[in-house]
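Student: All residue numbers for the sequence shown refer to this note's numbering, where the first residue is 252 and numbers rise by one.
It is worth saying that the hints were derived from the structure and are not from the lab. Since this is a predicted model, take the numbers as computed values, not measurements. Using N, Cα and C, we set each Cβ at its ideal position, and we do this for glycine too. Some hints could be false.
[Said to hold, decoys possible] In silico DMTMM-like links for lysine to aspartate or glutamate, alpha-carbon gap of 25 Å or less:
hint : residue 1 : residue 2
1    : K380      : E469
2    : K265      : E455
3    : K494      : D444
4    : K538      : D420
5    : K343      : E414
6    : K447      : E537
7    : K538      : E517
8    : K286      : E537
9    : K495      : E316
10   : K447      : D543
11   : K520      : E469
12   : K488      : E316
13   : K286      : E414
14   : K538      : E507
15   : K494      : D556
[To be verified] Simulated restraints on C-beta separations:
hint : residue 1 : residue 2 : range
16   : L311      : D556      : 17 to 25 Å
17   : L311      : R536      : 20 to 28 Å
18   : T504      : M252      : 48 to 56 Å
19   : E281      : T373      : 13 to 21 Å
20   : L278      : K383      : 48 to 56 Å
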Amino acid sequence: MYRHQLLDCHSRIKPYVHRTPVLTSRLLNEMAGAKLFFKCENFQRMGAYKMRGATNAILLLSDKERANGVVTHSSGNFAQALSLAAQSLNVKAHIVMPSNAPEVKKVAVSQYGGNIVVCEPTIEAREAKAYKIAKETGATFIHPSNDSNVIIGQGTAAMELLEDYPGLDYIFAPIGGGGLIAGTALAAHYFGDNCKVVGGEPYEADDAYRSFHSGRIESNLTTNTIADGLKTVLGDKTFPIIKKYVHDIIRVTEEEIITAMRLIWERLKIVVEPSSAVALAALIREKENYHDQQIGIIISGGNVDLNQLPF
Numbered sequence: 252m253y254r255h256q257l258l259d260c261h262s263r264i265k266p267y268v269h270r271t272p273v274l275t276s277r278l279l280n281e282m283a284g285a286k287l288f289f290k291c292e293n294f295q296r297m298g299a300y301k302m303r304g305a306t307n308a309i310l311l312l313s314d315k316e317r318a319n320g321v322v323t324h325s326s327g328n329f330a331q332a333l334s335l336a337a338q339s340l341n342v343k344a345h346i347v348m349p350s351n352a353p354e355v356k357k358v359a360v361s362q363y364g365g366n367i368v369v370c371e372p373t374i375e376a377r378e379a380k381a382y383k384i385a386k387e388t389g390a391t392f393i394h395p396s397n398d399s400n401v402i403i404g405q406g407t408a409a410m411e412l413l414e415d416y417p418g419l420d421y422i423f424a425p426i427g428g429g430g431l432i433a434g435t436a437l438a439a440h441y442f443g444d445n446c447k448v449v450g451g452e453p454y455e456a457d458d459a460y461r462s463f464h465s466g467r468i469e470s471n472l473t474t475n476t477i478a479d480g481l482k483t484v485l486g487d488k489t490f491p492i493i494k495k496y497v498h499d500i501i502r503v504t505e506e507e508i509i510t511a512m513r514l515i516w517e518r519l520k521i522v523v524e525p526s527s528a529v530a531l532a533a534l535i536r537e538k539e540n541y542h543d544q545q546i547g548i549i550i551s552g553g554n555v556d557l558n559q560l561p562f
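Assemble the whole structure, with the sequences as input and the hints as a guide.
Tutor: Spelled out as structure tokens, the structure:
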């Protein structure tokens with residue numbers, strides 16, 4: 252089932268998304284003791300992989316549903332992704348954003364035509380406001396990660412990576428709500444050659460790590476991380492896929508995230524946000540376990556506030 256869904260999705264969204272490049276670095280290979288292949292979704296439309304899932308979700312709506320618009324709640328990248336995908340398909344998008352969302356992301360949502368509705372910075376407030384808008388307007392709610400069509404869309408990044416480099420032993424990806432890692436794990440299972448998927452997660456928002464080991468969805472005890480895109484928790488759609496198809500999850504410190512982010516900026520010469528650096532940080536932390544392997548790393552996005560750089 253998933254195999255056909257991934258193939259159909261890739262064909263469906265192709266006119267609306269970029270096939271992003273894969274970069275390598277001899278110095279980063281030497282540092283990691285492995286061959287690294289960075290799938291650069293920071294070059295995706297709106298600057299992150301989330302354009303894939305948002306586009307797929309809207310394309311699968313009926314004409315009537317599209318006429319009524321879509322709504323989501325997001326602090327950043329999915330807000331931008333759904334806004335741009337909706338604009339591309341002539342659909343109205345209502346975007347519930349917490350009051351503490353990065354200003355650079357609010358500006359981008361407006362520029363992509365999203366109708367921003369500000370709420371208190373709690374998940375309860377976000378969900379309540381989104382539900383209210385859906386009820387009043389008839390808009391279809393699309394969850395940033397815990398949505399089957401979104402998950403399949405996010406998996407197309409890893410599909411492309413495996414088309415370019417079919418011999419990968421592992422793919423590393425960051426974990427927030429779990430949409431990217433779930434989609435990546437499905438792609439690796441169906442299109443890789445015994446390719447395993449490893450997640451990277453901040454210690455400061457490690458619900459996925461604890462869920463992975465307890466067997467039930469855990470909540471975040473803290474969200475005090477620079478990786479603002481990874482503060483969300485797993486859902487009932489993402490978690491079963493993660494449990495079944497993800498090989499391991501590695502936690503990293505804030506210092507390790509900043510160091511990895513700086514390495515990517517310096518060595519690959521590209522702009523990435525802190526959440527994107529978590530996957531490389533996870534690999535470096537346990538590099539002795541991946542010596543001489545061929546490893547794909549999903550660079551999830553590049554929407555960073557240049558006024559808030561950690562270095």
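Student: Decide, hint by hint, whether the structure agrees.
Tutor: Right, here's what the structure says about each hint:
Using a Cα cut-off of 25 Å, the hinted pair K380 and E469 holds, with the two alpha carbons roughly 24 Å apart. Taking the CA atoms of K265 and E455, the gap is about 36 Å. The hint is violated against a cut of 25 Å. Among the hinted pairs, K494 with D444 is consistent with the structure: their alpha-carbon atoms are about 20 Å apart, no more than 25 Å. A distance of roughly 14 Å separates the Cα atoms of K538 and D420; the hinted pair therefore holds under the 25 Å criterion.
Restraint check for K343 and E414: not satisfied, since their Cα atoms lie roughly 34 Å apart, outside the 25 Å limit. Between K447 and E537 the alpha-carbon distance is near 15 Å, which keeps this suggested pair within the 25 Å criterion. A distance of roughly 20 Å separates the Cα atoms of K538 and E517; the hinted pair therefore holds under the 25 Å criterion. A C-alpha spacing of about 15 Å is found between K286 and E537, which places the hinted pair at or below 25 Å, so the restraint holds.
About 33 Å separates the Cα atoms of K495 and E316, which puts this hinted pair outside 25 Å; it is violated. With a CA separation close to 15 Å, the supplied pair K447 and D543 stays within the 25 Å bound. A threshold of 25 Å between alpha carbons decides the hint, and for K520 with E469 the separation of about 37 Å lies outside it, so the pair is violated. Distance hint between K488 and E316 is fulfilled; the C-alpha atoms sit about 22 Å from each other, no more than 25 Å.
Under the criterion of a C-alpha separation no larger than 25 Å, the hint pairing K286 with E414 is consistent with the structure, at around 17 Å. Simply put, K538 and E507 have alpha-carbon atoms about 13 Å apart, close enough for the 25 Å limit, and the pair holds. For a cut-off of 25 Å, the pair hint linking K494 to D556 is broken: about 33 Å separates their Cα positions. The hint said 17 to 25 Å for the Cβ distance between L311 and D556, and at roughly 33 Å that hint is violated.
For the pair L311 and R536, the supplied restraint of 20 to 28 Å is violated, since their beta-carbon distance comes to about 38 Å. With their beta carbons about 39 Å apart, T504 and M252 fall outside the hinted range of 48 to 56 Å. About 45 Å separates the C-beta atoms of E281 and T373, a value inconsistent with the hinted range of 13 to 21 Å. Hint check: L278 to K383, Cβ distance near 51 Å, so the stated range 48 to 56 Å holds.
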